[in-house]
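Protein chains in written order, with the numbering used here: chain A, 1 to 248; chain B, 1 to 513.
Just so you know, the hints here were simulated from the structure itself, not pulled from any lab data.
Misleading hints may appear alongside valid ones.
[What the hints assert, rightly or not] What follows is a list of derived Cβ distance ranges for each label pair:
| no. | chain 1 | residue 1 | chain 2 | residue 2 | range |
| --- | --- | --- | --- | --- | --- |
| 1 | B | S69 | A | R181 | 32 to 42 Å |
| 2 | A | F21 | B | D68 | 54 to 64 Å |
| 3 | A | Q18 | B | D309 | 57 to 67 Å |
| 4 | B | D309 | A | V77 | 21 to 31 Å |
| 5 | A | D31 | B | E427 | 17 to 27 Å |
[As the list claims (entries may be wrong)] Chain B side only, calculated, beta carbon under 8 Å to chain A, not exhaustive:
| no. | residue |
| --- | --- |
| 6 | R175 |
| 7 | S350 |
| 8 | R438 |
Computed from a prediction, not measured in an experiment: that's the story for all the values here.
Idealized CB from N, CA, C, for every residue including glycine.
Each chain is listed here by its residues.
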Amino acid sequence: MSSVIRPYGDTTGDGRVQVSFTLPLPAVDADQRAFAEGAALQLAAKMGLDAAMVVHTKAVGPDFSFFVVYGRASHLVDLSQVKVTPREYPLLAAAEINLRIREVLGRKLVVVGACTGTDAHTVGIDAILNVKGHAGEKGLEYYREMRVVNLGSQVSMPALASRAAAEHADAVLISQVVTQRDAHLEAARELGSTFAAASPRPLLVVGGPRYDPSMAGELGVDKIFTRGTTPGEVASYLAHAVSSLAAA
Amino acid sequence: MTGKLGLDPAKVTRARELARWAGEPITRLAQTHTTSSIERAVLRLAGLEGADADGMPWVNRLADAVADSAGLQHGVALPVWDALATGDYPDLRSLAMAAAGGQVKFRVPDGAAAVAARDGALREVGAGIARMDEQRALRSAMIADLADPPKPWIYLIVATGDIYEDIPQAQAAAREGADIIAVIRSTGQSLLDYVPEGATREGYAGTYATQENFRLMRAALDDVSRELGRYVRLTNYASGLCMPEIAALAGMQRLDMMLNDCMYGIIFRDINPVRTFIDQRFSRQVHARAGIVINTGEDNYLTTADAVDAAHTVVVSQLLNEYFGHEAGLTDAQLGLGHAFEINPAIPDSFLLELAHALLVRELFPDAPLKYMPPTKHMTGNVFAGYLLDAFFNLCTFMTDQSILLTGMMTEGIHTPFLSDRDLALENVRYVRSAAGRLGGSFVPDAFVRDRAHQVLDEAVGLLERINREGLLTAIAEGTFGVTKRPSDGGRGLDGVIKQADGYWNPAEEELS
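Given these sequences and hints, build the entire structure.
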């Protein structure tokens, strides 16, 4: 295989691609339309499309135009330079996650979640835990092999610890939105220290928009999730982590 | 029953009877309890607006103060209007401010004091209900003056988080052909135990439902309705912990439709079942009076369970929603029962199965403005295949005479729709309507479609029989709907459920029922 490739339209190396986009330009009459298409071609050229062709123009309301454009990409893909962000766990479908939990644990995986301390922002924990979910993915409650206990907001760390013990939690999730005076870091440290001596110690997972995911070890927790995390990522991580623990 | 499916009328009657029996104990529960949000809705109808410096609405402050001193078991009205009549407060807001400062000692009045409190409460709450009546009349007048678009009504969603961005998007959508604009709420609003105040510009994946946001959007749609010569409807959500209050705000601000399901909050938001059913009854009494069409959420069951296996749970939920809706005073024309096109397209004959389900719902509820939801679960990111699937959904909508068509987006599940996604989606609807809008008239279902519809109805009757043996709350606790178990003493908001004491009085319920 060559280390340099181009997109494939219908002939090797033709580089042909299709894109569609909208510009904030009117295309109601012929003059406007001609101008808008000129603008679309300019954008296509700057996107690296050589000899671009506008094959479809449509006015969307009085102020916008939608285009479908074909062209030859002038860029090359250098395969030796392809970067793939490593993820320490594979993203799995719900059925695979359920299967893996069943194989490894032989029972349901118990997740206890809360917004701890004074934080009343349950948006994050609810998006991850509620069946309703987030970003088109169902929350952890949806997984047949998980049992989810969502304690809601303003839960104290001792209350979380005792409930986690009572439920035999495999994982404890906390969500922190408030960052004033580094409250989110303090909460994560408190989580780590509270459960440090627990035996067996549940997986400690922290989520919130202002965390640095590389700080997990420093804060004494197992995993940090940041802005944009979906329930499927958390579920995949949990399935992976319990498998790794069982294998260790 | 003279439908294409040849449904057995006795079986349909039996299904309705079973739904009624399952629902009646719940209705009795709702008749003997109130909730903190119902009591706050009374204060909202009386015109109490605004919030303290922390953004907590005065209705919460006042209701909490009454709960702390006199309790809410007699209702909020008697203690509040007694305090107004006997104290030195020019209006409800002054009373609320004083009460929030701990300066008011509330009591449950009796004798002449009770009569005075009732008179005051009826006058002020009555003004809110009169406002809803005026808005209902205004809606009728506008529809008569302009035009009511033919069904199916085209339903489009906007959701930027910023009401001032939503407005031009909603107006653009109406100009492009939308008959109904739905403003999706901010993630998590259903779990807030208060309704935020004022115009809002920040939300998570949606815009907060507030009285001012309702007013601004309805005014903008009135403008565009006049421009287009057809009445454009506005939809929001009366759901979550503040369902009764939001219903009252919707009635006073002339929203036209409200998402309002008897079980959605329980199943998908883990709101306490008892709280939900009590709040739901009051909110539906409000909607009935305000002329609001409710939209129910059965489509959601099919996003968690398999759309073939769980088809009958949709019908069961629709029958329950119908019973609870009728009991609260809604007419058939106000029951926008929901369902969805969510069968895996890889299954052979999937479109025939969709036709069977959609036709079954149409024939079971001939006078209800059914709300049909597009595919979401099997939209894969292949936007080209998604566009085709949406076209089949549109075709099924027209072939089975659905009433409200929620416009499917080819980019479902990828991002909030681009301007061009909406335009392409409407082009899809227009093409199918123009090419095959009358196909339903010449479509005769074959034995496969008829048998499937009969099977779903049989399974629905079977499930309703089981629910009657167990009780609805037990069935919900055992995970009958949407695969999630919701015990009746679990979930959020149970602390806001209050058993009515002897002498409980609610001026709004007196006017509404």
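Task: Violating hint indices (sorted, rising) - done: 3, 4, 7, 8
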